[in-house]
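A.B. asks: Read top to bottom, the protein sequences are chains G and X.
If you're matching positions, the first sequence starts at 1 in the working numbering and goes up one per residue.
If you're matching positions, the second sequence starts at 1 in the working numbering and goes up one per residue.
Hints were generated in silico from the structure; no laboratory data involved.
These numbers come from a predicted model, not from an experiment.
There may be inaccurate statements among the hints.
Said to hold, decoys possible - Covered stretches of chain G, as calculated for chain X (at least 3 residues, CB under 8 Å): (1) 60-68; (2) 86-95; (3) 126-139; (4) 151-161.
The beta-carbon is built from N, C-alpha and C at its ideal position, and this holds for glycine as well.
Protein chains: 2
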Amino acid sequence: MELYDLEVSGNCYKIRLFLALIKQPYTLHSVDFLGGEHKNETSIERNAFGEVPVLIDGDLTLRDSQAILVYLARKFDRTDWYPTTPAEEAKVVQWLMVAESEIARGPNDARLHDKFGYELDIDMARNKSARVLDILNKHLSDRDWLELDRPTLADLACFPYVALSEEGGVSLKPYPAITDWIERIKALPDFVSMPGI
Amino acid sequence: MELYDLEVSGNCYKIRLFLALIKQPYTLHSVDFLGGEHKNETSIERNAFGEVPVLIDGDLTLRDSQAILVYLARKFDRTDWYPTTPAEEAKVVQWLMVAESEIARGPNDARLHDKFGYELDIDMARNKSARVLDILNKHLSDRDWLELDRPTLADLACFPYVALSEEGGVSLKPYPAITDWIERIKALPDFVSMPGI
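Using the sequences and the hints, build the whole thing.
C.D. replies: Right, dumping it as C-alpha cells:
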C-alpha cells in the first residue's frame with residue numbers, strides 16, 4: 001500500500017494514525033504541496049479533486065480520508081474499529097460525516113485560515129467551530145468514546161482537526177470533556193502524533 | 001420506522017427515494033421547519049445538530065442522511081446498493097463523502113442562498129458548484145453510474161442537490177453527462193420525485 005501524504009494535513013494524519021494503531025506497514029509518499037504536486041496531471045489522474053490523502057493498493061486508488069479509513073478497517077477485518085451490524089455501523093458513520101462536514105467547516109477551516117492563509121470567512125469558521133465543539137463536549141461528558149464504549153473510526157475521523165483547533169485560534173479550554181477524550185486517544189497503544197498535536 | 005422529514009430538503013428526499021426504490025414502508029413525520037420545530041427540545045434530544053432527516057427505528061435514533069442510507073441498506077441486506085467487499089464499499093463511501101462535502105458546499109449552499117435566503121458566500125458556493133459539477137460530468141462521461149456499473153448509494157447520495165442545482169442559480173446545461181445520469185436515475189423502477197426535480 002502506498003499513501004500519498006502531507007505531514008501537516010490532519011486528514012493524512014488520521015490514516016497514518018490508524019495504520020500505526022493496527023500495525024500495518026505501508027509506503028509513504030510525501031507530496032510537494034507548496035510546489036503544487038497535488039494539482040499536477042499525475043495527481044489529478046489519481047484524484048480528480050486534487051487533494052491528499054490518496055491510498056493506492058494494487059489496482060485500487062482511493063481518495064478521501066474517511067473512505068480510506070473504511071477501506072483499511074474492512075481490508076484488515078478490524079470490526080473492532082468499524083463494526084458490521086447495521087445499527088453499530090451507522091452510529092460510527094454518523095461521526096465520519098461530522099468529520100467530513102461540521103469539523104471540516106469549523107476547526108479545519110479556521111486552521112486553514114490562520115495557519116495556511118486560506119481566504120475564507122473566518123468568523124463563520126469560528127462560529128461553526130464553537131457549535132460543533134459544544135455538541136462534541138456535551139456528547140463526551142458522560143462517555144469515554146464517541147460510540148460503542150470503545151475507540152472506533154468515529155474517534156479517529158474526528159480527532160485530528162479537533163485536537164488542532166488551537167492552530168485555528170479556537171481554544172479548547174471551555175471543553176474539558178473534549179480535552180479528556182484527546183488524552184484518551186493519545187494514550188492508545190502505538191499512538192503516533194503529528195506536528196501541532 | 002419513523003422518518004422526521006422536510007419535503008423541500010434534498011437530504012430528506014434521498015431517504016424517501018431509497019425507501020421507495022427498495023419498497024420499504026415507514027411512517028413520515030413532517031417537521032414544522034418554518035415554526036422551528038427542528039430546534040425545539042425534543043428535536044435536539046433526537047439530533048443535537050438540530051437538523052433533518054432523523055430516522056427512528058426501535059431504540060435507534062440516527063441523524064445524517066448518508067448515515068441513514070447506510071443503515072437502511074445494511075438493515076435490509078441490500079448489498080446491491082451498498083456492497084460489503086472492501087474495495088467496492090470504499091468506492092461508494094468516497095461519493096457519500098462528496099455528497100456530504102463538495103456537493104453540500106456547492107449546489108446545496110447555492111440553493112440555500114437563492115431559495116431560502118440563507119446568508120452565505122454565494123460566489124464561493126457557485127465556484128464550488130462549478131468545480132464539483134465539472135468533476136462529476138467528466139467522471140460520468142464514460143460510465144452510466146458513479147461506481148460499480150450499477151446504481152448504488154453513491155448515486156442516491158449525490159443525486160438530489162445536483163438535480164436541484166438550477167434552484168441555486170447553477171445551470172446544468174454545460175454538463176450533459178450529468179443530465180443524462182439524472183434521467184437514468186429518474187427512470188429507475190419505483191422512482192419518486194420531490195418539488196424541483
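A.B. asks: Now look at each hint and say whether the structure bears it out.
C.D. replies: To see whether the hints hold, each was checked on the structure:
Note: the segment 60-68 of chain G has 7 residues with beta-carbon separation from chain X under 8 Å; the three-residue rule is met and the coverage holds. A count of 7 residues in the segment 86-95 of chain G with a Cβ less than 8 Å from any Cβ of chain X is obtained; the coverage claim is therefore met, three being the minimum. Using a Cβ-Cβ cut-off of 8 Å, 3 residues of the segment 126-139 of chain G lie near chain X, which meets the minimum of three, so the contact claim holds. Given as covered by chain X, the segment 151-161 of chain G fails the check, having 0 residues with a CB less than 8 Å from a CB of that chain where 3 are the minimum.
Violation of the numbered hints given earlier is confined to hint 4; every other hint is satisfied by the structure.
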